[in-house]
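K.L.:
Now for the letters of each chain:
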Amino acid sequence: MAVAILAEPRSVRHIVEAPPLTDDELIRAALAGRAEAFGTLVERYERAVYHLALRTMRDVEEAKDATQEGFFKAYRALHTFRPGAKFSTWIFTIVYRVCCDRLARRKRFSGDELPDRADGTAGPEAIAEQADDARRLRAAIEALPEKYRVVVTLFHLQGKQYEEIAAVLDLPLGTVKTHLFRAKELLRKALDDTAHAHKETP
Amino acid sequence: MTDDELERALIALPLEEPPADLRRRILVSTVYRPRLAVPAWEVWTAGTLSALVVWLAYLVLTGIPRAGRDAVHALAASLDHLGLAVGAPTLLWTILGISSAVWISQLSLPRRELRPGQ
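Each protein sequence line maps, in turn, to chains C and X. Counted the way our numbering counts, the first sequence spans residues 1 to 202. Counted the way our numbering counts, the second sequence spans residues 1 to 118.
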């Protein structure tokens with residue numbers, strides 16, 4: 001017995017980091033009743049989803065509510081998620097629809113067209129007040145009309161995956177590319193204007 | 001600014017920081033949402049039956065003059081006739097008690113799970 005113990009190699013711990021679970025694995029675990037698996041999904045996508053909601057709603061409280069509602073709907077419909085599909089596209093689609101519903105409701109209750117904030121803060125002077133490039137770019141995105149702003153936001157979140165953007169927005173691929181092209185033109189113009197305004201400011 | 005520069009700037013733009021309590025709110029409304037102790041259909045059935053009973057009682061008591069008393073008398077008289085003379089209140093309470101016991105026995109109320117050793 002003692003020999004056996006002595007013969008055993010000394011405990012050498014190999015600390016091996018477990019690879020992070022994929023979205024599909026987390027969804028399977030969540031469906032099996034593991035709460036922490038869904039928690040990990042929330043942790044993974046909360047920021048991006050909130051960003052999309054905030055860009056669409058342009059109101060922090062509404063964005064919070066839309067994000068929460070989106071995750072709630074996703075949780076209830078988790079069993080319908082097609083394995084192999086992209087979870088990010090799925091959750092973005094759900095949250096974007098929630099935002100559209102909320103915007104439509106807001107429009108119905110207010111009884112008139114939603115004012116595009118572009119009118120209020122789109123001027124080069126307003127944007128020029130932003131301190132750095134990131135803030136100026138953010139302000140320029142904020143100033144875009146809604147259809148362009150959403151496409152730019154999804155481009156920001158998903159990169160050049162135009163098919164995914166088209167799926168979220170339920171738009172033809174060509175329309176997405178056109179909107180993105182037009183949005184970039186507007187952004188470039190806004191940023192150039194602010195750069196000129198900066199130069200002219202003593 | 002070129003197209004590439006703009007795209008790089010867009011992709012590098014930091015995401016908005018979500019509010020601190022957002023994750024807690026999401027989790028509370030999803031995975032940690034308190035579950036009903038009894039199945040939803042039982043709650044709906046009980047609620048519907050209760051509403052129906054209240055509505056019928058209201059109709060009887062307000063719509064038809066002396067309908068409640070007449071119904072009890074008629075029931076008592078018929079039982080008397082059968083040789084089972086029982087006071088109307090006693091009879092009603094007995095029926096109510098038996099019905100309640102049967103109904104409660106059918107409910108799947110939460111049970112405390114016994115751990116080994118308890």
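Misleading hints may appear alongside valid ones.
Claimed, not checked - From the derived model, a few chain X residues whose C-beta atoms are all more than 12 Å from chain C:
{"id": "1", "residue": "LEU13"}
{"id": "2", "residue": "PRO19"}
{"id": "3", "residue": "LEU22"}
Stated by the list, open to error - Cβ-Cβ distance ranges computed for the label pairs, FRET-style:
{"id": "4", "chain 1": "C", "residue 1": "PRO20", "chain 2": "X", "residue 2": "GLU17", "range": "21 to 29 Å"}
{"id": "5", "chain 1": "X", "residue 1": "GLU17", "chain 2": "C", "residue 2": "ASP133", "range": "13 to 21 Å"}
{"id": "6", "chain 1": "X", "residue 1": "LEU59", "chain 2": "C", "residue 2": "GLY84", "range": "35 to 43 Å"}
I should point out that these hints are in silico values taken from the structure, not numbers from a laboratory. Backbone N, C-alpha and C define an ideal beta-carbon position, used for all residues, glycine too.
K.L.:
Tell me the numbers of any earlier hints that the structure contravenes, in ascending order.
P.N.:
Going through the list in order, the structure violates hints 1, 2, 3 and 6 and respects the others.
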